[in-house]
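Trainee: Given chain E, work out where chain H should sit, using these hints.
2 protein chains.
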Amino acid sequence: MQRKYLAKIFVTLRPSVLDPAGVAVQSSLKQLGYDNVDSVRIGKYIEVIITEPDERKARQNLDRICDQMLANPVIENYRFDLIEVESQTGVF
Amino acid sequence: MQRKYLAKIFVTLRPSVLDPAGVAVQSSLKQLGYDNVDSVRIGKYIEVIITEPDERKARQNLDRICDQMLANPVIENYRFDLIEVESQTGVF
Numbered sequence: 053m054q055r056k057y058l059a060k061i062f063v064t065l066r067p068s069v070l071d072p073a074g075v076a077v078q079s080s081l082k083q084l085g086y087d088n089v090d091s092v093r094i095g096k097y098i099e100v101i102i103t104e105p106d107e108r109k110a111r112q113n114l115d116r117i118c119d120q121m122l123a124n125p126v127i128e129n130y131r132f133d134l135i136e137v138e139s140q141t142g143v144f
Numbered sequence: 053m054q055r056k057y058l059a060k061i062f063v064t065l066r067p068s069v070l071d072p073a074g075v076a077v078q079s080s081l082k083q084l085g086y087d088n089v090d091s092v093r094i095g096k097y098i099e100v101i102i103t104e105p106d107e108r109k110a111r112q113n114l115d116r117i118c119d120q121m122l123a124n125p126v127i128e129n130y131r132f133d134l135i136e137v138e139s140q141t142g143v144f
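Protein sequence lines, in the order shown, are assigned to chains E and H. If you read the first sequence in the numbering used here, its first letter stands for residue 53, the second for the next number, and so on. If you read the second sequence in the numbering used here, its first letter stands for residue 53, the second for the next number, and so on.
Be careful, since some hints might not be right.
Repeated chains share a single entry, so a pair holds when one copy, or any two copies, can fit it.
As a list, the in silico PhoX-like pairs of lysine-lysine whose alpha-carbon atoms are at most 25 Å apart [to be verified]:
no., residue 1, residue 2
1, Lys96, Lys56
2, Lys109, Lys82
3, Lys96, Lys82
4, Lys60, Lys82
5, Lys96, Lys60
The hints are simulated quantities; they were obtained by calculation from the structure and are not laboratory data.
Pulled out of the complex, with its shape left as it was, chain E reads as follows (with noise of 0.2 Å):
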């Protein structure tokens, strides 16, 4: 039986990394009259729709995909949530 998962992954800079990106977007909120933000990190929200047997291996899986592929792990940290959003029992 396969089972299809949504996870939920955010991409974030490690606390020790610059964001520019992000200092810029402060400036110029601060420039709009913001001048109360003390701190903006962008970083990623990423929902994969996965199909995998059970909930173990689709979490395994997302690992070597976040690593691999979705998050540079020199400068960035990952984490998801895993919801288990359909189930094919391959009757249908």
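Mentor: Quick look at chain H alone, frame taken from chain E:
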């Protein structure tokens, strides 16, 4: 009294909008052997720290910041979670 809030902002393409970057990632994953990935959608994840007197005011300003700067309302949706991280009483 001023409070510090951490806003975790998710900016996603509207479901009806094509995501060429997501399609490219999905296609690359297929070439790497992950042919069980059904869909990839790429959005932004932004962390903002903002100082406001209360949560209502923080939500109001974050809505304006998202509309004006972080999201393109024509093709993107946004939502955010708000967490109070620190209070400043002005005493210290």
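Trainee: Going back to the hint list, which numbers does this structure go against?
Mentor: The structure conflicts with no hint, since it agrees with every one listed earlier.
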